[in-house]
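Undergrad: The sequence shown begins at 13 in my numbering and counts up by one.
Be aware that a few hints might be false.
Below, a list of computed lysine-lysine pairs in the BS3-like style, where the Cα atoms sit at most 27 Å apart [said to hold, decoys possible]: (1) Lys118 <-> Lys207; (2) Lys159 <-> Lys118; (3) Lys80 <-> Lys70; (4) Lys159 <-> Lys203; (5) Lys159 <-> Lys199.
Simulated from the structure, these hints should not be mistaken for lab results.
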Amino acid sequence: MTQVPGPMPELPPGTRVTLTITDIAFGGEGVARVEEFVVFVPFVVAGEVVEAEVTEVKKRFARARLVKVVQPSPERVTPPCRYFGECGGCQYQHLDYAAQLRVKHKQIADLFERIGGFASAVVAPVVPCPQPYGYRNRIMVRSQWNKPEHRLVVGFLRYDGRLAVDIEECRIAEPLLNEQLRQVRAKPPPKGGLKVVLRVAPEGWEVPRDSFFQNNFFLLPKLVEVVRERLRDAGTRHLVDVYCGVGFFGIELADLVESFVGIEFDAQAIRAAQRNAAARQRSNGEFLAGNAEALLPRVLARLSAGATTVVLDPPRVGCQPECLHVLRGARPAQILYVSCHPATLARDLNVLCAGGVYELAQLAPLDMFPQTQHVECVADLRAVTAMAKSANAASSASTASSAGENALSGPAPDAS
Numbered sequence: 013m014t015q016v017p018g019p020m021p022e023l024p025p026g027t028r029v030t031l032t033i034t035d036i037a038f039g040g041e042g043v044a045r046v047e048e049f050v051v052f053v054p055f056v057v058a059g060e061v062v063e064a065e066v067t068e069v070k071k072r073f074a075r076a077r078l079v080k081v082v083q084p085s086p087e088r089v090t091p092p093c094r095y096f097g098e099c100g101g102c103q104y105q106h107l108d109y110a111a112q113l114r115v116k117h118k119q120i121a122d123l124f125e126r127i128g129g130f131a132s133a134v135v136a137p138v139v140p141c142p143q144p145y146g147y148r149n150r151i152m153v154r155s156q157w158n159k160p161e162h163r164l165v166v167g168f169l170r171y172d173g174r175l176a177v178d179i180e181e182c183r184i185a186e187p188l189l190n191e192q193l194r195q196v197r198a199k200p201p202p203k204g205g206l207k208v209v210l211r212v213a214p215e216g217w218e219v220p221r222d223s224f225f226q227n228n229f230f231l232l233p234k235l236v237e238v239v240r241e242r243l244r245d246a247g248t249r250h251l252v253d254v255y256c257g258v259g260f261f262g263i264e265l266a267d268l269v270e271s272f273v274g275i276e277f278d279a280q281a282i283r284a285a286q287r288n289a290a291a292r293q294r295s296n297g298e299f300l301a302g303n304a305e306a307l308l309p310r311v312l313a314r315l316s317a318g319a320t321t322v323v324l325d326p327p328r329v330g331c332q333p334e335c336l337h338v339l340r341g342a343r344p345a346q347i348l349y350v351s352c353h354p355a356t357l358a359r360d361l362n363v364l365c366a367g368g369v370y371e372l373a374q375l376a377p378l379d380m381f382p383q384t385q386h387v388e389c390v391a392d393l394r395a396v397t398a399m400a401k402s403a404n405a406a407s408s409a410s411t412a413s414s415a416g417e418n419a420l421s422g423p424a425p426d427a428s
């Protein structure tokens with residue numbers, strides 16, 4: 013019999029409720045229930061009992077602001093940042109760092125099982141950052157005119173994403189960035205509505221102002237180590253670095269392959285990649301400027317699919333559908349997909365693995381963004397060969413046949 017859900021409880025905005033937090037959702041909000049109706053509350057820890065005030069009510073859920081922690085979790089810590097809870101940059105400063113890693117691992121495993129049906133066993137433990145604060149090498153500062161107070165605000169967006177918070181110091185930013193922030197505040201932009209990008213240049217790399225580079229130098233060596241280990245395990249001879257930026261992965265992996273090709277839309281970044289490769293004496297590769305979906309078919313056509321690895325490191329929105337279509341058709345032996353957005357990564361892996369074209373061998377999360385909801389992931393996909401497909405099909409058929417025979421024969425007669 014189908015169960016009909018009960019009516020939504022009376023929870024108009026402004027209602028105070030006492031909630032038990034049962035989980036932490038992807039994005040950082042705590043999950044609680046009022047008569048089976050879901051309520052999301054930020055800045056809480058699973059297992060806590062809290063008092064919250066409803067701020068928004070939708071058809072299937074509500075949101076509330078934290079008023080008071082009634083029964084705190086032993087994993088709750090005091091946030092070192094005075095702006096935490098108001099600034100939108102961090103979600104987890106109130107959570108012990110070891111607990112942050114466990115929360116992120118569970119969120120990723122749940123997400124990949126829900127979106128792609130991937131087994132949680134393929135998700136490795138989250139690699140911790142050796143420096144959970146003072147690690148960011150790039151931040152975006154916004155200026156906004158505060159009408160009620162008649163003053164210019166220089167800082168970051170609030171957690172609700174509507175207004176800017178006046179920020180004098182960012183605890184997750186590198187010290188050099190905070191020095192730059194002080195300089196900006198001393199001579200602020202002439203008006204509101206402007207954005208200023210502050211960054212610390214990576215040592216030994218040429219990176220144009222608007223080009224991408226990983227934002228955590230402290231965990232970057234481990235990210236390279238993980239990617240190198242997976243490439244070495246595949247034993248391929250050719251590498252195609254798609255969305256290569258200034259050539260980082262292609263250059264760092266060049267010694268493991270006979271040849272590599274970097275593809276990037278930003279022509280300025282490609283010129284920097286060529287100079288970065290020359291500075292490191294990487295002479296076994298080339299860099300091409302243009303759309304990945306246009307260049308990738310031509311590049312893959314001249315390489316042996318069984319001996320080729322493709323590295324994908326796209327923006328947060330993920331790969332273009334045309335690019336995924338090309339990869340499914342060409343079937344390079346290995347795809348190493350590097351992403352800072354697990355949801356779009358799971359979506360794209362679902363496309364690549366559909367119909368048994370690829371299988372996910374391992375998913376390695378790295379905490380490149382401590383104190384925040386974000387996490388970097390390296391997915392290792394392997395092409396499923398025709399022989400393996402045939403063997404799997406035969407195994408499935410044999411299992412089904414045995415099950416059918418057992419079902420037809422029925423239980424053995426009772427000898428007694």
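Undergrad: Which of the stated hints cannot be reconciled with the structure, identified by number in ascending sequence?
TA: 1 and 2
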